[in-house]
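Residue strings, one per chain:
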Amino acid sequence: MMARKERACRVFSLLALGSLVFGSIAIATDGAEAGEVRITHSITGGAQKEALDSIIADFEKANPGIKIKQIVYDDDLYSDTGLITQLKSSSPPEIYFQWAGAPIGRDAREGFAMDLTAAMGEAGWKDSFIAPAFSAQMGAVNDGKPYLVPITLDVTNVIWYNKQLFKEAGIEVPKDWAALVDLTKKLSSSGKTPFVIGNQELWPLGNWASHIASRVVPPADYEAAFRLAKPFNTPDFEKALTLVDELRKAQGFNKDIAGLGADPAMNTFFQGAAVMHPIGSWLVSSAADLADKDFDYDEFNTPLIDPKHPLKDSVIGTLTGFAVGAKSANPQEALTFLRFFTTPENQVKWAEAGSFSPVKGVMEKAKLDPKTKAMADLLNTAQSLVPPPDTTYPVEVAEAYYQAAAYVAGGEKTPKDALIWLDDRVKGMRKQ
Amino acid sequence: MTGSGSGNHSTNSESATGAIRAGTTGILFVVPALVLYAAFVLWPLGSSVYYSMTDWDGIGQARWIGFANFERAFSDKIHLASYLHVSLYILGTLVFEVSFGLFMAVLLNSDRPGFATLRALFFSPVVLSMSAAGVLWTFVFDYRTGIINAALTNLGLAQWAQPWLSQPATALLCVMLVSGWKFAGLYMILFFAALRRIPRHLYEAARLEGAGALWCFFKITLPLLKQNVLVAVLLAVTGGFAGFDLFFTMTNGQPYNSTEVPATWIMKQAFDNDQLGYGIALTVILTTVVCLISLVYLRYAERGHVVEY
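Note that the protein sequences, when read in sequence, are chains R and B.
Using this note's numbering, read the first sequence as starting at 1 and increasing by one per residue.
Using this note's numbering, read the second sequence as starting at 1 and increasing by one per residue.
Errors might be hidden in some of the hints.
Computed Cβ-Cβ distance ranges for the label pairs, DEER-style [what the hints assert, rightly or not]:
hint, chain 1, residue 1, chain 2, residue 2, range
1, R, E223, B, S294, 47 to 57 angstroms
2, R, E364, B, W43, 50 to 60 angstroms
3, R, D74, B, W160, 32 to 42 angstroms
4, R, S384, B, L128, 32 to 42 angstroms
5, R, D377, B, P168, 55 to 65 angstroms
Quick list of in silico lysine-lysine cross-link-like pairs, DSSO-like style, CA-CA up to 27 angstroms [to be verified]:
hint, chain 1, residue 1, chain 2, residue 2
6, R, K427, R, K413
7, R, K416, B, K219
8, B, K77, R, K230
9, R, K367, R, K49
10, R, K413, B, K226
11, R, K239, R, K88
12, R, K185, R, K255
13, R, K185, R, K367
14, R, K365, R, K61
15, B, K219, R, K239
16, R, K373, R, K126
17, R, K371, R, K360
18, R, K308, R, K230
19, R, K67, R, K416
20, B, K77, R, K427
Just a sample of chain R residues kept apart from chain B, beta carbon distances all over 12 angstroms, derived [what the hints assert, rightly or not]:
hint, residue
21, I56
22, A57
23, G65
24, D76
25, K88
26, A102
27, N199
28, L202
29, W203
30, E246
31, G259
32, G261
If you're looking for bench data, these hints aren't it; they were derived computationally from the structure.
We put the CB at the ideal spot given by N, CA and C, even for glycine.
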């Protein structure tokens with residue numbers, strides 16, 4: 001009796017152990033089924049999601065053998081842990097959304113993204129995109145090889161303004177930096193909040209401050225500083241932060257700049273509680289949901305700072321796209337979908353949902369609302385495109401620069417002290 | 001004799017076999033737990049220590065760099081300041097959570113009608129999730145649309161309206177207050193349960209001797225609650241070091257890193273800045289600090305176990 005009990009106990013223990021081991025194996029081997037394309041991204045809603053869903057539905061109708069499965073994450077969660085977890089898993093997704101520049105460069109180096117040279121060479125796929133999409137500067141290419149199928153060009157910072165409040169104050173779009181400071185003074189002295197920025201996460205002001213720096217600091221020195229090859233504490237960077245300080249001294253920024261989130265800041269602008277709001281082109285799609293229908297707004301690029309600077313008319317922008325997982329189960333099906341997604345017909349849908357399509361001729365063909373059209377024109381006419389530091393250089397260095405700019409905008413440090421702090425902060429990073 | 005000896009031998013042998021069998025069975029029973037413990041505690045602990053000595057972004061190959069991450073951590077001024085902020089926060093929790101919870105427990109320690117409802121109301125924030133509480137209070141503290149500034153403005157005190165979460169002087173205090181609002185009820189319930197176990201006759205005897213309420217509190221209630229207070233303080237201290245949700249939702253370490261605590265800084269370094277190796281090193285330091293404080297504290301608490309009254 002006892003022996004039987006013992007045997008039963010042993011069998012039970014072994015079963016428990018076995019189920020644990022085999023359970024883990026079963027979880028580990030759960031991947032895409034034949035003909036399934038898993039696409040992971042952070043497009044959670046709005047017009048873009050509707051357009052994507054519609055294109056996917058059309059694709060599945062045209063390709064009955066291929067099923068698309070979307071794995072959607074919130075934006076922050078996606079970039080912090082969502083994508084990493086999937087790429088490191090034993091069954092990485094077939095397609096994943098990624099930023100050009102440092103992120104896709106890292107994926108290429110680590111073998112997560114597929115080299116698309118051969119695929120892009122077929123049937124003139126690469127030639128269907130505008131040339132800047134594959135320029136080295138925009139970062140879809142690593143070591144001369146394309147790793148990203150570009151889907152959207154985003155302007156990461158322009159200055160949006162409330163047309164009604166501009167009119168009431170009798171001011172016009174500034175032609176240069178001095179004019180911007182003047183109108184800031186004029187607005188603040190009349191009791192208005194000239195700029196609202198939600199800088200809790202540092203990038204909203206950081207993007208703008210880095211664009212300003214890119215127009216003041218010689219390009220080689222700018223690049224070298226962010227690559228930690230040269231110090232930040234130079235007269236040129238000091239001049240750049242002094243420009244931010246000029247706006248602070250003119251009482252240009254909202255009092256809660258340091259603690260306000262990016263989304264509440266945008267709402268504040270839509271509510272007419274501030275005259276200007278420096279943020280990216282995605283404001284257009286948010287306005288459709290959040291602003292009153294009669295809310296009249298427009299944008300202007302950061303005005304001229306130094307007429308002699310080679311990037312004096314630059315636009316700060318970034319490229320995003322879809323990468324194909326190098327270790328995914330169904331890469332060919334993934335490429336089939338991406339070719340379908342980037343056909344001019346589908347890209348027109350994509351553009352009409354508020355995206356700047358990098359496919360040739362699409363922006364001309366699409367019926368764009370005036371604001372998206374203005375963004376498209378800004379990109380089309382830009383003499384040069386500057387990428388934001390947090391997608392181009394080591395993120396921790398970009399974040400440190402953003403923090404230095406935040407100190408200046410909040411009056412916590414002088415430009416000089418902020419740069420001393422910045423060099424001290426990045427010193428530890430150099431040791432690695 | 002022989003027979004008897006042989007019988008003994010046989011009995012010994014059987015009992016030895018039985019012991020071995022029982023031991024084997026015991027081991028088999030323990031194995032699943034051991035495997036789980038090794039998989040979910042020992043292995044992560046060991047690999048954390050290993051990865052803390054690497055330069056790793058969480059995606060690529062980890063590169064061994066020895067103690068460089070720790071060297072960097074001890075010269076990282078924001079990281080060091082985060083321990084000052086969390087210490088201030090813990091002091092705040094001792095006041096707003098533990099002390100206030102004790103105060104409310106004594107105040108609401110009554111069987112009169114309505115007191116149970118009051119206790120339930122006071123306890124109710126505990127059931128809210130931390131993130132929800134954080135987001136809710138962010139609206140309350142909002143500079144333009146928050147209730148606090150609106151109330152001040154309506155009372156004719158518009159000049160007192162502040163960007164509460166956007167200035168270093170008030171941001172940390174706001175987080176402490178919200179933490180107090182959230183957890184004082186929990187400590188109240190802990191202390192209330194302990195208060196109910198104090199014999200009534202002690203108070204009656206003291207009152208017959210002419211003792212007042214304060215004397216009773218400091219000479220009877222507090223000494224008899226000593227163990228509960230020690231546990232509450234330990235919970236507040238260790239919980240404070242692990243504090244993340246409120247800071248993340250209310251200030252995200254801002255303004256100007258003045259509400260940066262170890263947990264928020266670790267998250268930023270590990271995931272926002274793709275420096276998982278460095279983030280893990282910071283976690284190892286935090287774990288060590290919390291373990292040391294807990295050990296010292298528990299040692300002190302055990303010494304003070306005997307109550308004299």
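Hints and how they fare:
no. : hint                                : in the structure
1   : R:E223 x B:S294: 47 to 57 angstroms : holds, 48 angstroms
2   : R:E364 x B:W43: 50 to 60 angstroms  : holds, 58 angstroms
3   : R:D74 x B:W160: 32 to 42 angstroms  : holds, 37 angstroms
4   : R:S384 x B:L128: 32 to 42 angstroms : violated, 50 angstroms
5   : R:D377 x B:P168: 55 to 65 angstroms : violated, 42 angstroms
6   : R:K427 x R:K413                     : holds, 19 angstroms
7   : R:K416 x B:K219                     : violated, 59 angstroms
8   : B:K77 x R:K230                      : holds, 22 angstroms
9   : R:K367 x R:K49                      : holds, 18 angstroms
10  : R:K413 x B:K226                     : violated, 47 angstroms
11  : R:K239 x R:K88                      : violated, 43 angstroms
12  : R:K185 x R:K255                     : holds, 15 angstroms
13  : R:K185 x R:K367                     : violated, 39 angstroms
14  : R:K365 x R:K61                      : holds, 25 angstroms
15  : B:K219 x R:K239                     : violated, 66 angstroms
16  : R:K373 x R:K126                     : holds, 24 angstroms
17  : R:K371 x R:K360                     : holds, 20 angstroms
18  : R:K308 x R:K230                     : holds, 23 angstroms
19  : R:K67 x R:K416                      : violated, 57 angstroms
20  : B:K77 x R:K427                      : holds, 12 angstroms
21  : I56                                 : holds, 27 angstroms
22  : A57                                 : holds, 33 angstroms
23  : G65                                 : holds, 32 angstroms
24  : D76                                 : violated, 9 angstroms
25  : K88                                 : violated, 7 angstroms
26  : A102                                : violated, 9 angstroms
27  : N199                                : violated, 8 angstroms
28  : L202                                : violated, 8 angstroms
29  : W203                                : violated, 10 angstroms
30  : E246                                : holds, 20 angstroms
31  : G259                                : violated, 3 angstroms
32  : G261                                : violated, 8 angstroms
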